[in-house]
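S.K.: Sequence:
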Amino acid sequence: MRFIQDLIRGFRLPFQGIEYLAQHRSLWKWALLPAVVNLVLFSVAFAILIAYIPTLYNLARFESPATQQAWLWSTSLSILSGTLGVLLIMLSSAVLAIVFLLISKVIAAPFLDVLAQQVEYLHGETQAATFNLGYLWRSFWVAIGAELKRTGFVIAVYIVLFLLGLIPILAPFTALAGTLFTILFLPLQYAGYTMDHRLMTFRQRRALIAQRPWLMFGFGVAAFLTIFVPLLNFVCLPILVVGGTLLMMEFRTGQPPAISGMK
1 MRFIQDLIRG FRLPFQGIEY LAQHRSLWKW ALLPAVVNLV LFSVAFAILI
51 AYIPTLYNLA RFESPATQQA WLWSTSLSIL SGTLGVLLIM LSSAVLAIVF
101 LLISKVIAAP FLDVLAQQVE YLHGETQAAT FNLGYLWRSF WVAIGAELKR
151 TGFVIAVYIV LFLLGLIPIL APFTALAGTL FTILFLPLQY AGYTMDHRLM
201 TFRQRRALIA QRPWLMFGFG VAAFLTIFVP LLNFVCLPIL VVGGTLLMME
251 FRTGQPPAIS GMK
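When the letters of the sequence shown are read in order and numbered with my numbering, they come out as residues 1 to 263.
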């Protein structure tokens, strides 16, 4: 079935990014600095999450009423508190991941832009990028403009989810919605450089999700998981940018691009 093929295909894209970088050593210099930036920032994010896990878990605790049936209330509230606590930690993890992803992308944007352009060049889709301070400076400000638009959209969505999550009965649903939103948003982040080269509007980018949702979902799930894999998260940013570039080339041609490239 098509949706299963797309789901598997999307999930494999980050791992094909690893294979692609292994076969094209000329890309390594553009992948190294973003990887170092990602290592530092996500180490900070992980430390923050670990430090606040007890606080987040305690936010979902309920006090048992002093009644004759206190043991029954205590058991029920313990189960509910535990469930809400885990969901709150999941939502916080998703929010923290996306925030630090946005920060790391802005810092590493010029180098990731060149990386995506070089991948396209290997497939004959663009000219080779030239490394110079002027190009990096222009690319940096272009990336900031694009990131501000995406960041504004993300912040607006998470504010709505946070406010809805303050309603106890909606908390489980907002946690799930936040995780799903993160998964679907990640492909737009990692393919963003290629989309910038093609001057795609934010509305056109969001339309890609509706065009092939399972392909985007599969890529998003893999990207979401690799962010939190120990010893892999420090290299996942350039790998996923390569995967996102391959994703966009597949959208253009309708066929998965060759890992070996054309040049």
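Warning: the hint list may mix true and false statements.
As the list claims (entries may be wrong) - The following label-pair restraints were derived from C-beta to C-beta distances:
1) 3 <-> 33: 18 to 28 Å
2) 54 <-> 207: 38 to 48 Å
3) 162 <-> 51: 16 to 26 Å
4) 198 <-> 19: 23 to 33 Å
5) 25 <-> 201: 17 to 27 Å
6) 23 <-> 197: 29 to 39 Å
7) 152 <-> 199: 18 to 28 Å
8) 1 <-> 225: 17 to 27 Å
9) 159 <-> 103: 30 to 40 Å
10) 149 <-> 43: 43 to 53 Å
What the hints contain is simulated information worked out from the structure, not anything from laboratory work. Yeah, the Cβ is synthetic: ideal placement off N, Cα and C, and Gly gets one too.
S.K.: Take the C-beta atom of residue 54 and the C-beta atom of residue 207, compute their distance, and say whether it sits inside 38 to 48 Å.
M.R.: Between residue 54 and residue 207, where Cβ atoms are some 42 Å apart, the hint holds.
S.K.: Starting from the hint 23 to 33 Å, judge whether the C-beta atoms of residue 198 and residue 19 obey it.
M.R.: 24 Å, holds
S.K.: Take the C-beta atom of residue 159 and the C-beta atom of residue 103, compute their distance, and say whether it sits inside 30 to 40 Å.
M.R.: Roughly 18 Å apart at Cβ, these two residues miss the hinted range, so it is violated.
S.K.: So the hint says 16 to 26 Å: do the beta-carbon atoms of residue 162 and residue 51 match that?
M.R.: 20 Å, holds
S.K.: Would you say the C-beta atoms of residue 152 and residue 199 sit inside 18 to 28 Å of each other?
M.R.: Holds, at about 19 Å.
S.K.: Would you say the C-beta atoms of residue 23 and residue 197 sit inside 29 to 39 Å of each other?
M.R.: 22 Å, violated
S.K.: Using the beta carbons of residue 149 and residue 43, state whether their distance is inside 43 to 53 Å or not.
M.R.: 28 Å, violated
S.K.: With 17 to 27 Å as the target window, see if residue 1 and residue 225 comply at their CB atoms.
M.R.: Holds, since residue 1 and residue 225 (Cβ atoms, about 23 Å apart) stay within the stated range.
S.K.: With 18 to 28 Å as the target window, see if residue 3 and residue 33 comply at their CB atoms.
M.R.: 37 Å, violated
S.K.: Within 17 to 27 Å: is that where the Cβ-Cβ distance between residue 25 and residue 201 falls?
M.R.: 35 Å, violated
Checked against the numbered hints given earlier, this structure breaks hints 1, 5, 6, 9 and 10; the rest are met.
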